[in-house]
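A.B. asks: Residue numbers (my numbering), protein chains in the order written: chain A, 7 to 260; chain B, 35 to 1052.
Hints were generated in silico from the structure; no laboratory data involved.
A couple of the hints might just be wrong.
Computed far set for chain B versus chain A, every beta-carbon distance over 10 angstroms [what the hints assert, rightly or not]:
(1) 113
(2) 170
(3) 185
(4) 259
(5) 280
(6) 311
(7) 444
(8) 533
(9) 602
(10) 690
(11) 719
(12) 783
(13) 959
Chain A regions said to be covered by chain B (calculated; three or more residues, Cβ under 8 angstroms) [stated by the list, open to error]:
(14) 32-41
(15) 116-123
(16) 166-177
(17) 191-205
Note that CB positions come from ideal geometry on N, CA and C, so glycine has one too.
Here is how the chains run, residue by residue.
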Amino acid sequence: MGKSWLLREFARQATALAARSALIDFGADQAYDVLTLVRQLRDALGAEAFAPLTTTINTLTAPRIATSAARQQQITRADAAPAALTVKDKLFVVQTDNPLLLQTIEAQVTHAFFVCLAGLATHGPLLLLFDSYEQCSHERTSWVPSLADRWIRGELLNRIRSGTLPNTVVVLASRQLPPFDANWAAVLDELPLEGFAPPEVAAYLRGTCGLTQLSDRELQTIYAATQGHPQLLGLIGDSLAQAQSPGVDWSHGD
Amino acid sequence: MAIDLHSYLITLIAAAQGAPGDEGLTQVLEHLLATASAPQAELLRRAAIPRWIDAAVLSVLQEPEEPGEDQLAALRAYSFVRELGDGRLALPDTLRAALLATWRRDRPEALHAIQLRLYHHFSQQTTPPGTAGGAMPLLPDSPVLSVVPASTEADLRRRAAIYHLLHLDPEHGLDQLRASFAHLEATRRCAEAERLLATAAEAVGEAALGPRQRRWLQYLRARLLHATQCRAEAAAQLTALQAHGDLEPDLAGHVSRSLGLIYAEQGHGVQAIELYRQSIAHFARTGEQQALAETLLLLGAAYQELAARAGEWYTPVAPQSLLLQASAALGSWLLALPFLIASLVLGPGNRLLPVPEHCAHYQNWLRIRLANVARSWYAQARDAFQLLGDATGVLRAEQHLADLVLHYGYPAEARATLEELLRQPAARDPYLRAWLQRSLAACELASGQYDRARALLSELQAFFAELGDTRRVATVLALRGRAALRAGDGKQALDDLSAALGQFRTLQDTAAREQILDELRAWQQRPGTSAGTRLRIDALLAAEPEQRYVERFIHSYRDLLRGATALALPLALLLMAMVAPVPVITPQPNGVISFGASFDPWRATGVVATLLLIAMAGYAAIATAIIAWLPIGRIEREQPDAIVTRPGSIARYDGRGQLVTDLPWATVRRWLSLDRCLWKRPLALHSRMVLEGAPGQALAIAGLTGWYSQLQQDIERRLALAGGPPVVRRQLGTSLLRSPGGILIALGVALLLLVAATTNGWLQLSPAFAPPLAAAIWFLALSGSLILAPIAVWLAARPGILGATQPGWRWPLLTGALGGGTVMLAVLAGGGLIRVEALRYALILWGAAVLADALVATLLPRRRLLRLGAVAAAVALSLVWIGRPALAHYHWLEGSLARAQVQNGATAAVLHCAAAATARELGASAYATLLVQADCAGHAGDWTAAARYYLWAVQAAPEGSSRRALAHYNLAVAAGYLGAPSTLIQASGAYQQICARRAWADPICAQLQAAGPPQLRR
């Protein structure tokens, strides 16, 4: 019932409003480099709109046996592929001992991705959600950016700030936020999550957990003890639900 | 069973309230577990052991008889269990940590057993790191770029296996962690490496790892930060590790090397070298031969980088005029001669020295030394790779060695090596092969095969561009630009160099960018470069946001070279003055033998030749000291400083790359330059400039800084753009020849030559020149004042103003020593050594003036008027001291010149012969002055007076000397004219007696013998 739930709720509401959304959870113990990020975002937003990206990825992960001119023709033809054409990603991962080669590949993939994304954004709003963003820092006490964080902030968020990627909203859910300086003030807002209010506590315990027999006084006591802390409420709800097994006669001790 | 909900709730609430934060969660969880069925509770506890759970993992956690599928659903039903996707679940970190703590406290053996089962489960489904795993090379026969099918699940399982192994066997787990990390790092799969280390870090948090494993993990994290371009953070981690002081040798070696790599990439070559050496020592102890070999290669590259820091080989800018070009070429050839001999002696197989024309310039010696050190490390790396059987490593080391041979100017040798390398099996790799061909193209370029080089480089550019290797594309472009330049295709050259410059700027490769800028600057200054090209180059240079200028010599030998070059010309003149004058004995038509002096041109030439040989030998000796003998540790410590100009400021960095001074352009309020030139170009060793900013903030730039004149233009341009109050350079220096001083020197040299020619009898002194005037001209010419005065101004002019801003500036000490030494030489050596008397007096004046100026410049540098006063006082005091003897010498010159005119038939000059008597009264040599008077009287026909003077000269000459013999002879001649036979016989007998005692070997006696005995003429 915390950040993750909220992000899923955002995604659901986006779908209801016919907006495309993508959710990436960095807490899923996956390795996210540029290729993985763009692939997951592509798949979540609809791969059919990213055919040129997929073609670019396939081309860049293909053997270098052509001459320069022929290769350029190959890329040009691929870029010109109609959007409706479904291109299948061969799902290769690049290996190299030369950081510049990887940088070049990633730069081309990034460029292709944002061309497609910008095109998609013209058809409707886009919502990109990133959960457990604290996993994108190498350290817990200070922010040391991971590859994923650098790409998201350096490429994605910068394009939103500069206006080259309109109609796009990004949500970062994290226990530890990366530092944003004053230059971000115009495009950034922070939403601290408060605990549940008493009516929400009641709705959760009685509605979601099915604990309809809880009295208002008991709910008030629970609220006073937990201050609406979602995880604590969840545990209490689970505990009460578990204790309320079939055949158990709950009495109120009076 | 009825449960009192209210009481249960109270217990729950008490648990939640009893401990704040996560502790409260734990307490409530315990209640949850307490109210769950035993199997359910056990499932929850076991679910905390792995980092995530799926159906397969659940089956490993459970006993065989327990059902699985329903349990997964039961877990999923809990609100705190997270869905990770792909059917995986996980507990929150806090709850998992609490449950694990309970396991370790209460059931450690059971925990161990489950960990073991989980490790086996995960490790059975992964392939060992570094195996092919379906990798497909994108370049045939080359590992440089390949792809593998995405294997997210396999990576998850590998990380999970390592996680559990770290708990079971930390040491073995660490080995696997290192191996996996090494493979991921080598293939640049940094995201997987990040997750791997994050997984291992959880084991740290769970207290599974000891200090040794933690330190290794910290090291691996630092390497990952480095691989992902977070250099500062990586360096901080590695430095913190080093601070431990008790690292295991293997870890210490790796830490040192990784930190050295970072320093090398940041341009801190000296620090990188220190660290590489440390790591080599550690690897040698631990026997890690592969790491040792790689580090040897890195060390060679670090030294080569240091050598390249000062830019390309220094070659002096060719003058515009053909005559000066020829002179410069001759000078360079002479400087190169000792090195040519050394190269011949060393032979073709021992390339310790580059081609002699590079060795000739002291600006290149440091580079040569560092390149030689690099070569020795490359050779050791090659040998180490050979022992390991690493053919690729051997090839890389050999290529470096071949590049050095080429760099030293031996393209044929380098080509032979490269062609041999291209035949090796390891060179089948297209990527390696292309890089070897790049070196081959450089050989073609050096051999003058420009078209072949350009064609090859075009192919290579396409190859690297297709791969996307922007650094190598830029390197090839830069080389192709040079080839186009040599081939005369200026447009292509500019296009290629400009493109390469832009790429290196993007890559932040300062060294490569500066090499291109050097090439452009040299091109701009080359004679024959069109105005349009110069403008275009100017625009390129002006557009470069940051430029670096490095001093081209080490500090400790700088003053030695300065002193030697400053002393060369004055020393040559002084030695000529000592050696060239020779006494001459000339028989006159009237029978008298005249005694005088002339200037032997062969002696003067001999002095110049000897000095030249000594200078060449000394120059070569200093070169040998720096190239071969100076300890390399000292050279590393004395790396020259660098001046960096940026849009906002100008900065000085020391040899270790540490910032010393950063001066914003907007704060510069004064710019002083003391450029000493012979003609137009500042002499590197004797020039400097200072930029002054806020009080106490100044930046001094030595003339030895590479591209010193271009740096001045750069500063001027940036100051103009800075927007502050206009700052104009104040020129304090002088041009020795292109100035009033130069005119004086030319006049002085011309007069000196005229005087010498006239003295030697090659020219005749016109009777129109009255002897007093002629004597004044002679005195002026022979004193060398017209040469010495401009040199004094040139050496000591206005150093004080610069000295005021440069505490510890030693130039005034040098000039003071020069002045004092000159005075002492002139005074102590006296006429015995410095036979040109006028010069001796001038040297005393000159030395006193320079010494006085230097003293005030050292003690009170800002007091200009005081310096002038001190100079005036020193000159006045010196004049008081030398005035009388100088006047005596002048009168002697007058009498002597009058004698010469009389001997040439200008009898009117005889009146001026009496000046010799005046000279005698003022203290001049009685013998010399009497001879002048006697010769004059004889030529005038007054033999009575002549006889009298000759008699007095006999008495004035030392007893038994050949001079007395000469006086006797001339007395006999005079007696012959006077018809005094007894005097004639007596005088003849006297000179013969003296000469007989001297065995007639004396030049005077030999001349007397040749002339024959005087005869009676009346």
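A.B. asks: Looking back at the hints listed earlier, which ones does the structure fail to meet?
C.D. replies: 1, 2, 3, 4, 15, 16 and 17
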